[in-house]
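Letter by letter, the chains look like this.
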Amino acid sequence: MLINCVAYEDGTRLNELPVEEISDYLARPGCFVWVALRDATTAELDVMQEEFALHELAVEDARKGEQRPKVEDYGDSIYVVMHLVEPDPEEGYRLGEVNVFVGPNYVLSVRNRSQQDFLGVRARCEREPELLRHGSGFVLYALMDAVVDRYFPVVDRLESELESIEDRIFDRGAARASIERLYELKRRVMLLKHVVAPLMEVAGKLASTRGPVVCEGNREYFRDVYDHLLRINASVDTIRETIATAIQVNLSMVAIEDSEVSKRLAAWAGIFAIATAFAGIWGMNFARMPELQWEYGYPAALALIVTTCLILYRRFKRAGWL
Amino acid sequence: MLINCVAYEDGTRLNELPVEEISDYLARPGCFVWVALRDATTAELDVMQEEFALHELAVEDARKGEQRPKVEDYGDSIYVVMHLVEPDPEEGYRLGEVNVFVGPNYVLSVRNRSQQDFLGVRARCEREPELLRHGSGFVLYALMDAVVDRYFPVVDRLESELESIEDRIFDRGAARASIERLYELKRRVMLLKHVVAPLMEVAGKLASTRGPVVCEGNREYFRDVYDHLLRINASVDTIRETIATAIQVNLSMVAIEDSEVSKRLAAWAGIFAIATAFAGIWGMNFARMPELQWEYGYPAALALIVTTCLILYRRFKRAGWL
Amino acid sequence: MLINCVAYEDGTRLNELPVEEISDYLARPGCFVWVALRDATTAELDVMQEEFALHELAVEDARKGEQRPKVEDYGDSIYVVMHLVEPDPEEGYRLGEVNVFVGPNYVLSVRNRSQQDFLGVRARCEREPELLRHGSGFVLYALMDAVVDRYFPVVDRLESELESIEDRIFDRGAARASIERLYELKRRVMLLKHVVAPLMEVAGKLASTRGPVVCEGNREYFRDVYDHLLRINASVDTIRETIATAIQVNLSMVAIEDSEVSKRLAAWAGIFAIATAFAGIWGMNFARMPELQWEYGYPAALALIVTTCLILYRRFKRAGWL
Amino acid sequence: MLINCVAYEDGTRLNELPVEEISDYLARPGCFVWVALRDATTAELDVMQEEFALHELAVEDARKGEQRPKVEDYGDSIYVVMHLVEPDPEEGYRLGEVNVFVGPNYVLSVRNRSQQDFLGVRARCEREPELLRHGSGFVLYALMDAVVDRYFPVVDRLESELESIEDRIFDRGAARASIERLYELKRRVMLLKHVVAPLMEVAGKLASTRGPVVCEGNREYFRDVYDHLLRINASVDTIRETIATAIQVNLSMVAIEDSEVSKRLAAWAGIFAIATAFAGIWGMNFARMPELQWEYGYPAALALIVTTCLILYRRFKRAGWL
Amino acid sequence: MLINCVAYEDGTRLNELPVEEISDYLARPGCFVWVALRDATTAELDVMQEEFALHELAVEDARKGEQRPKVEDYGDSIYVVMHLVEPDPEEGYRLGEVNVFVGPNYVLSVRNRSQQDFLGVRARCEREPELLRHGSGFVLYALMDAVVDRYFPVVDRLESELESIEDRIFDRGAARASIERLYELKRRVMLLKHVVAPLMEVAGKLASTRGPVVCEGNREYFRDVYDHLLRINASVDTIRETIATAIQVNLSMVAIEDSEVSKRLAAWAGIFAIATAFAGIWGMNFARMPELQWEYGYPAALALIVTTCLILYRRFKRAGWL
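Residue numbers (this note's numbering), protein chains in the order written: chain A, 54 to 375; chain R, 54 to 375; chain H, 54 to 375; chain P, 54 to 375; chain V, 54 to 375.
Treat the hints with care, as some may be off.
[What the hints assert, rightly or not] Looking from chain V toward chain P, a few residues come up when the C-beta cut is under 7 Å (computed):
id, residue
1, L211
2, L283
3, N286
[To be verified] Result set (EDC-like, lysine to aspartate or glutamate): computed pairs, CA atoms no more than 16 Å apart in a straight line:
id, chain 1, residue 1, chain 2, residue 2
4, V, K123, H, E294
5, H, K246, A, E294
6, V, K246, H, E294
7, V, K246, H, D290
8, A, K246, R, D290
9, V, K117, H, E294
10, A, K117, R, D290
11, H, K117, A, D202
12, H, K246, A, D290
13, R, K246, P, E273
14, P, K117, V, D202
15, A, K123, R, E273
16, A, K246, R, D202
17, P, K246, V, E294
18, H, K123, A, E273
19, P, K246, V, D202
20, P, K123, V, E273
21, R, K123, P, E273
[What the hints assert, rightly or not] Listed next, with one range per pair, are the computed distances between beta-carbon atoms:
id, chain 1, residue 1, chain 2, residue 2, range
22, A, A340, V, K370, 35 to 41 Å
23, R, V266, V, Y146, 44 to 50 Å
24, A, P343, V, A353, 27 to 33 Å
25, H, P157, P, G128, 53 to 59 Å
26, A, G145, P, S261, 46 to 52 Å
27, A, F223, V, A96, 51 to 57 Å
28, V, Y146, P, G118, 36 to 42 Å
29, V, R177, P, A106, 21 to 27 Å
30, R, R225, P, G118, 57 to 63 Å
31, P, D290, R, V266, 41 to 47 Å
32, A, I364, V, K370, 36 to 42 Å
33, V, Y146, A, R147, 42 to 48 Å
34, P, T361, R, E143, 48 to 54 Å
35, V, R177, R, K117, 50 to 56 Å
In short, the hints are calculated from the structure, not lab data. For glycine and all other residues, C-beta sits at the position ideal for the given N, C-alpha and C.
Chain A on its own, in the form it takes in the complex (with noise of 0.2 Å):
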């Protein structure tokens, strides 16, 4: 589906044009042409291919989807696949994809599967032809820097779901709850991991003074968002070596209540034994057995007994097993 397809002059925008018109446009010298589709037919597709000859292995790439986040240099002009994340109740994370073609004068965007859109992007652009006389790559820039920024958010939620998770760490009977949250945690995380560091081996070579020449004079753009994605990045490694240490945390928790309980268990177990085994021995019918007999004999061998119960309990509590 096309969303937009303008050209420009000198950064100022003149007018949407049709998409057959494209090839006539970059042939005009100073003229810019910047186009952004939207899950894309391969008709579509086709019709960009040959108005801006692009290079048919990055067709098919965004024709398939499922690609690793990359860049992908032709010479004069690259291909460049980003991942973008949007919550969904159900698998907790959906993946969107944005190809972005970028030649000397040309930018095509193409998004798939993913509500987000860029036209903020372009507003912004529009606002500040200065910013568009950087050229392509500053468009590229620009659209970069909206989805890395994107994911800042995303990793927030998952430190405060971390913390959320770690408050209750310590508690007594959160075990179980605490478990399946981190491995859940965990499956998020390497997810988002997945499309942060290529994103971020891509930032490196477009920042890199040996990296694409449709990069050229705004490598220090590139840079900034390469820090970005560093950022992210060693958030995410955090995350990641956190949740291994709270499972292990986790493990040793069970195990301490376990022992607690093992030690409560034993105590009432040997309160109640010792009660029983005196009782028993009372209970026993042979013919002599004097205390019986005695007038107070019963009173004092329930005091015996509650006595002797007491004072177990109070080691007990003492040594902290109750």
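Let chain A serve as the given structure and place chains R, H, P and V on it in line with the hints.
Then chains R, H, P and V, alone, in the frame of chain A:
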């Protein structure tokens, strides 16, 4: 066993040719020979070595089999080893091997211990003669692409196996089955890892601008294969890490379940111990135990015992022990 | 908030100057301007950007804060971000930030969210004019050295906290407290790691012979800072590894204690069970149980019970179960 | 102990020569000397050092033994240390050592603490004179190839030992034996790792185009050895990782078994506790317990007890506790 | 404290010289000065700085101590820090430090907090004047070699401590002692790691062809030291990995023992529970319990109880629970 032995000129199929004429065709300019063997005997390999003037070490490797995926660069020709993964009802997987010798104007592929043929690759190349004009490097790419494409369903199956384990990992009583399946899965993943990781290295070398000469002009195709392998490799690593976490979680789940059983055991033991202790006391044979003579002593005693047990029961219930 | 804005000539302090005259002084040959801001407002940063002709992206980073420690090289000037770590009663640590812009003849430092000032650095530099003659690179070194020096007590505190945990880790009943403290310590160590490791990278770049131009002639000083950071980093890694081991040991200790409790429970349960079984047997109501009629049947029975229990007790004692 | 001391000319064996004449033969153009020693004494090594003009440090290393596998490059000559692994009934393995000094026209091998000779290597080289014409580099390759070939059965034995452990790892009651065997296996694997990994490095250096001069012209042979070592190393790493997983699984299995025992214990304890409680109640001595006087009170009571126990038994059975 | 201050000419000892004349001797061509200090005071270091014209940062490092092992290259001179490890009854180890300043014709060594002297190194060098002719680089090598040689017994002691733990790790009841010893051992190994690893880096730099100028001509000696450190480092890594495995094994052993105790507890509990249940039943007070009136009811009952218990006992015995 010889499968095909065909000469091409300008991308068009000339004819099947007898093995002994290979060297003659190789000497003709513009001519290209593509031979496919399967489970080649030593004799067959010797003939091929002579006809194609293959390097002794490469032929020895092909003869012995059991190589790691690798590429050997002999200047004007290269030798590539790839692994094929086929499902096997007993072992989980069976590994096959494809040895490819690539020279300036020939490709010789030797497939060992595998049911998967590459007829489709040849058919595709013959259908599109302009592709064959890219030379032997392109044929190597086409073979490699076919091999790598067959890894995807293998990874998919591993992923769905992992998901099916994950679905049950938090179920009570599933621990033993889960751990056995995780262990088995781990074994398969490691096998796949050893198939994929070295081949990724191979693809990287072929895609690099300092890679072998015969791949010149097809670098972008090999980069595409490399990207696919990178994706597979990332999936494999994710599975591995998830398995590791799942094993830890499994242990936690066992510990949690054990802890729950301990609590329940402790609770019931406590309830019955108190009943038994009471009964034991009134079973003592003291001469003067006034309550034994009461009209409603017995029902009162029963009521006391039951009430105490019920109170305990409710407290344990509330504490989550029962 | 402006803290200092001073011009120097040949290492000697000239005078405090109004912010607007900075650019004039910068134009005077042999003149050096050193400005310190604290929790700078956007307006203040805008003035600084104009006066020092700072790079837009760097100023934006300084404005937003929350950067990773890093160095940005803009040819003749650089931008360095460092973190300050301050103890905080609630969170454990609070992170501050120092942004330093260094040009050929100026240094601008912006300190955010931190109580720690750098007046001592300026005082030391003013006391020893020959140091200031090393130029802006030396001032950057002095600031960095001051920042890094403040990491040492933080590491020391982490180490003594770890030691105090270690002192109790083998104590009975300390498992719950230990694991909570270890987890909290881990969190702090990882925070420190993210402060130290990227700064080490920064110091490494500044010390390298291919590092920024403004550090020329002060390479050895930055190598010294680098060595300090290497040392801190090694300590942090040691603490991390020790925590990981300690968590494992903690789990082992819980398991060992639990095992000891199980043994004790088993031992006492056995002793009482035997007493109860004996008593139960003589409590049976068979008509003909000759020993029940014996003169000393009861004491003999008691003696038998006690003796059996004592024998058991001694055997358990010897086996280390009690 | 001298084993062989032979001179060759153009790949053909000339004759056994006395040790003192080595230097004379070395001076003759086209002549090649190959000497093999075993458990050489200091005196023998001194003679060799003089005759071959060996580097002092290399000779000292050969004398002391206990070196890591390594290659030392002294310009026109190199010194290589390799390890031999021999099964030993007591320790599991015994390490031998081969020191090889290689110059432009000589090879001196010194084998220490090993029963494995290299007569086969010499025989093969003498059978195929065209091989010996490749010079001393080829002889080094032949020795190295022989050493590495002997690692394969060692790895195979480790793998089958691991498989035999794996076969029993999920068996009940095998935990103690498994963990002891895994630990022992781990020890052996690590020993092998320290034999293989550094030698791989050595082979890599010899195969590299910037490797020692004496290997010039035999690079592809060393690359072949390198590939073998890569394969062995990958196997070793797989074994290591599998052992690590197996140890974790072992722990899980112990925990699972323990949990099963706990459940069974809980179930039987519950069943008997209820029987005992019932019996205790009817064993009380209240004056008015009407059911005691019933005609069929006793059988009814027994029936009630047995029925209750059976119901409990069936419920536990269904829940998988029994 | 000054230990030696000697001048050499052409490798021969000239005479002890007063500290103030050092700079005079340094100016004499062909003259070489070797000074050794111990726990040097600030004053002594100041004199040395002046006489040898040492770099300020290096002297400051030597003064402060607590450096990581490192080498600082100041063009014509270098500064090396090495650590000494000495057994200490209380702490396990005590770390000493050797600071060595090496210039074209001098060596100054400052030893801190260590009982180990280097008189043997000097004696050896003086005995073999041709060694001293290699210059200051050789003396540095000799010192370094002496330091590294002293690491070997330390590693040996760690290894035998580990072996003594391993000997008992599978013993019953040794878990607590083992885990404490493993933890302590781990601490020591990590300390040694931080001594060895950075020094290995130092030796690597000195051995490299692009290393400091003063080591020119002695590269092979430093490579020898490097190899020794590589070996020590590998041993340390092996110990570390073994400790990690041993800790896991320890946990497994505790779990296994605990499981065995649980089984035994369950078995005995079952046996006694059945005896008590039987006794309880015949202890009931029903009016009509015919077997109670039987002539041999009591012995029959006893026989039944004992038989049941024995049957149970044998079954548990066979199942390995007892």
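Going down the list of hints, with the structure as the test:
Look at L211 of chain V: its Cβ only gets to about 15 Å from chain P, farther than 7 Å, so that hint breaks. Here the hint on L283 of chain V is kept, as its CB sits about 6 Å from the closest CB of chain P, short of 7 Å. Hint status for N286 of chain V: violated, given a least beta-carbon distance of 10 Å to chain P, over 7 Å. For the hint pairing K123 of chain V with E294 of chain H, the CA-to-CA distance comes to about 23 Å; that exceeds 16 Å, so the pair is violated.
Distance check on the hinted pair: K246 of chain H and E294 of chain A sit about 12 Å apart at the alpha-carbon level, within 16 Å; holds. At roughly 12 Å between alpha-carbon atoms, K246 of chain V and E294 of chain H fall within 16 Å of each other, so this suggested pair holds. The suggested pairing of K246 of chain V with D290 of chain H holds, with an alpha-carbon distance near 12 Å, which does not exceed 16 Å. A distance of roughly 12 Å separates the Cα atoms of K246 of chain A and D290 of chain R; the hinted pair therefore holds under the 16 Å criterion.
Distance restraint check for K117 of chain V and E294 of chain H: the Cα-Cα separation of roughly 27 Å exceeds the 16 Å cut-off, and the hinted pair is therefore not satisfied. Simply put, K117 of chain A and D290 of chain R have alpha-carbon atoms about 23 Å apart, too far for the 16 Å limit, and the pair is violated. Using a Cα cut-off of 16 Å, the hinted pair K117 of chain H and D202 of chain A holds, with the two alpha carbons roughly 13 Å apart. At most 16 Å may separate the alpha-carbon atoms for a hinted pair to count; K246 of chain H and D290 of chain A meet this at roughly 12 Å.
Taken as a hint, the K246 of chain R and E273 of chain P pair is broken in the structure, with Cα atoms around 26 Å apart against an allowance of 16 Å. Proximity of K117 of chain P to D202 of chain V is assessed by CA-CA distance (about 13 Å); at most 16 Å being required, the pair is judged to hold. Restraint check: the Cα-Cα separation between K123 of chain A and E273 of chain R comes to about 14 Å, which is no more than 16 Å; the hinted pair holds. Only pairs whose Cα atoms come within 16 Å are accepted, and K246 of chain A paired with D202 of chain R is rejected, the gap being roughly 24 Å.
With a CA separation close to 12 Å, the supplied pair K246 of chain P and E294 of chain V stays within the 16 Å bound. Distance check on the hinted pair: K123 of chain H and E273 of chain A sit about 14 Å apart at the alpha-carbon level, within 16 Å; holds. Distance check on the hinted pair: K246 of chain P and D202 of chain V sit about 24 Å apart at the alpha-carbon level, beyond 16 Å; violated. Pair hint K123 of chain P plus E273 of chain V holds up; C-alpha atoms about 14 Å apart against a cutoff of 16 Å.
Restraint check for K123 of chain R and E273 of chain P: the C-alpha separation of about 14 Å stays at or below 16 Å, so the hint holds. For the pair A340 of chain A and K370 of chain V, the beta carbons lie near 39 Å from each other, so the given range of 35 to 41 Å is met. The hint said 44 to 50 Å for the Cβ distance between V266 of chain R and Y146 of chain V, and at roughly 58 Å that hint is violated. P343 of chain A and A353 of chain V have their C-beta atoms about 31 Å apart, which keeps the hinted 27 to 33 Å range intact.
Separated by about 47 Å at the C-beta atoms, P157 of chain H and G128 of chain P break the suggested range of 53 to 59 Å. Here the CB-CB span from G145 of chain A to S261 of chain P is close to 48 Å, well matched to the stated 46 to 52 Å. Remark: the range hint 51 to 57 Å for F223 of chain A to A96 of chain V is upheld by a beta-carbon distance near 56 Å. At about 28 Å, the beta-carbon gap between Y146 of chain V and G118 of chain P misses the expected band of 36 to 42 Å.
For R177 of chain V and A106 of chain P, the hinted distance range of 21 to 27 Å is satisfied, since their beta carbons lie about 25 Å from each other. Between R225 of chain R and G118 of chain P the C-beta distance comes to about 59 Å, which sits within the given range of 57 to 63 Å. At roughly 33 Å, the beta-carbon separation of D290 of chain P and V266 of chain R lies outside the given 41 to 47 Å, and the hint is violated. I364 of chain A and K370 of chain V have their C-beta atoms about 37 Å apart, which keeps the hinted 36 to 42 Å range intact.
Hint check: Y146 of chain V to R147 of chain A, Cβ distance near 55 Å, so the stated range 42 to 48 Å is violated. With their beta carbons about 49 Å apart, T361 of chain P and E143 of chain R fall inside the hinted range of 48 to 54 Å. Between R177 of chain V and K117 of chain R the C-beta distance comes to about 53 Å, which sits within the given range of 50 to 56 Å.
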